[in-house]
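Participant: The residues making up each chain are set out below.
There are 2 protein chains.
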Amino acid sequence: MRIAVLGTGMVGRAIAARAAELGHEVTVGTRDVAATRAGDWADWAASHPRVGLAGHADATRGSELVVNATSGAGSLTALAAAGEENLAGKVLLDIANPLDFGNGFPPTLSVLNDDSLGERIQRAFPRTRVVKALNTLTADLMTHPRQLADGDHSVFVCGDDPDAKKTVAELLADFGHTDVIDLSDITTARGTEMLLPLWLRLYGKLGTGIFNIKVVR
Amino acid sequence: MRIAVLGTGMVGRAIAARAAELGHEVTVGTRDVAATRAGDWADWAASHPRVGLAGHADATRGSELVVNATSGAGSLTALAAAGEENLAGKVLLDIANPLDFGNGFPPTLSVLNDDSLGERIQRAFPRTRVVKALNTLTADLMTHPRQLADGDHSVFVCGDDPDAKKTVAELLADFGHTDVIDLSDITTARGTEMLLPLWLRLYGKLGTGIFNIKVVR
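Same order as they appear, the protein sequences are chains A and B. Numbering-wise (the working numbering), the first sequence opens with residue 62 and increments by one. Numbering-wise (the working numbering), the second sequence opens with residue 62 and increments by one.
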C-alpha cells in the first residue's frame, strides 16, 4: 500500500519505519520539508532509506492510506495542508490525542465528553474515512506489540466506515496486534481519547510507556 | 470492621452483601428509611439478615469505614446528610461516577478533565480520608472478581492518605482482587472516572458488564 504518514515525531517515525519494514511504500509528510531536513531527520532517514519525505499535500496526494501522526493541537491544520481533495475517499488512521499542555503535566484534554478530536476531523473532512486507533499506547508498542506479553493486550478501532476499519485492523494485525476491538462509530473515539488521563498517571506510576490495557472478557 | 454503605442501589447492595459475608458489621445508609423499607428492600433484606438499615447519619456515626455507593449526582447531598462530624477522620471508599444522563445514553460526565468527583468530595470533607476505587467495573465484579479470568484484571485506588488506601486495598483483596494499583493522590481519580466513556461503549459492544481492564506491564 502507498501510505502517507503525516508527522515527523516519534509516532510518525515509528509508524513509517514499521510500515516500510512490512513492504509498504511510505512517504512521511511534513509542514516544511527544508526545516525537517535541517533537523535530526537526516540521521533517521539514513537508517530508513526506503521512507520518503514530502510536504503534507504531496505525501497525501499519491497515497492510499493516510496516517495522522501529528500532535493533536496541530492536526486540523496539518490535514488542511494535506488538502481536502487529496484526502477525499481515503482511509485516515487518526492516532492524535487532543492534549493541552497549557497547565503543565499531566496535560488535560482540549476536546472531550460530548466530542472528540476524531469526530472533529471527521466533520472537517466528511469525504475522508476516519478511523481512530492506536492513540491509547506508546509509539513503540503501537508498532511492536509482541514485545509486551506476546501481544496479549488490546487496541481499538473507532469509525463510521466498516471497510476503513477493516483496512486499519488488518494493518494493526500486521504490526502484531492480536486483539483489535471495533468499538463502533467515530463517537466512540471519545472513550479512547479520554483514556489518556489514566494512561498518563499509569505512565508516571510505572516509569515506562511499555504497558497497555487488555479488555478481559 | 463496622462499615456504613451509603446507597441502596445495585452497588450498595453488592458491597453490603459481600462485606457482611466476609464478617463485617454492615449498615446500609439511606435518605429515607421508611421509603426504602416501602420499596423492594424487604425482599433483599430477608436474604441478607445481617445487614442493617439506617439513615445516612445514623449509619455513618458508628462506622469505621464509609462506602459512597450513591449516584454521582447525589453523592455530595448524601454525604452532607451523613454529616461532616460523623465522617471526620474516617476512610471513605468513593465508588460513585459523576454521570450525567441529561442527554440520554451513553451519559457524559458532569465533572472531568481538571477535576473529579473524588476531589470534590475530598474538598467538601477535608477531615475525611477519601479513596476512589471500584468505580471502573460493574457491581458484581467489584465484589466477586474471581468469576472473570480468575481475577486476573486490575482495579485502582486513588487518594491522599496512604493508610486509607491500604485499608481499602485490603478490603479489595478480601473481595478477591489480585491486582490493586495505587495510582497516587486523589487527583488521579480523574483518570479512573474518565475511563467511564470507554467502559460504557465496551458495555454496549460486549452486551455484558462482566468485563474489566487489566493493566498489562
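These are calculated hints, taken from the structure and not from any lab test. In this text the structure is predicted, and so the values were computed from the model without any measurement. A portion of the hints provided could be inaccurate.
Where chains are identical, the list cannot tell them apart; a pair therefore holds if satisfied intra-copy or between any two copies.
What the hints assert, rightly or not - Straight-line C-alpha distance at most 20 Å; calculated SDA-like pairs for lysine to any residue: (1) LYS266 with ALA142; (2) LYS227 with TRP102; (3) LYS227 with ARG92; (4) LYS227 with SER245; (5) LYS151 with ASP221; (6) LYS266 with ASP175; (7) LYS266 with GLY123; (8) LYS151 with GLY123; (9) LYS266 with THR239; (10) LYS266 with ASP221.
Participant: Does each hint fit the structure? Answer for all of them.
Facilitator: Right, here's what the structure says about each hint:
With identical chains, the CA atoms of LYS266 and ALA142 are never at most 20 Å apart, being 38 Å at best within one copy and 36 Å at best between copies. For a Cα distance limit of 20 Å, the shortest separation of LYS227 from TRP102 qualifies neither inside one copy, at 32 Å, nor across copies, at 49 Å. For the identical chains of this complex, LYS227 and ARG92 are neighbours neither inside a copy (29 Å) nor across copies (51 Å), given an alpha-carbon limit of 20 Å. For the identical chains of this complex, LYS227 and SER245 are intra-copy neighbours only, at 12 Å inside a copy versus 39 Å across copies, given an alpha-carbon limit of 20 Å.
Only within a single protomer do LYS151 and ASP221 lie at most 20 Å apart by alpha-carbon distance; the minimum there is 13 Å, versus 48 Å between protomers. For a Cα distance limit of 20 Å, the shortest separation of LYS266 from ASP175 across copies, 19 Å, qualifies, whereas the shortest one inside one copy, 29 Å, does not. Taking the shortest Cα distances, LYS266 and GLY123 never come within 20 Å of each other, neither inside one copy (43 Å) nor across copies (36 Å). Proximity of LYS151 to GLY123 under the C-alpha cut-off of 20 Å is restricted to the intra-copy arrangement: shortest distance 11 Å within a copy versus 64 Å between copies.
Taking the shortest alpha-carbon separations for LYS266 and THR239, only the inter-copy value of 18 Å comes in at or below 20 Å, while the best intra-copy value is 26 Å. For the homomeric pair LYS266 and ASP221, the shortest alpha-carbon distance between copies (15 Å) is at most 20 Å, but the shortest distance inside one copy (35 Å) is not.
Hints 1, 2, 3 and 7 from the list above are not met by this structure, while the remaining hints are.
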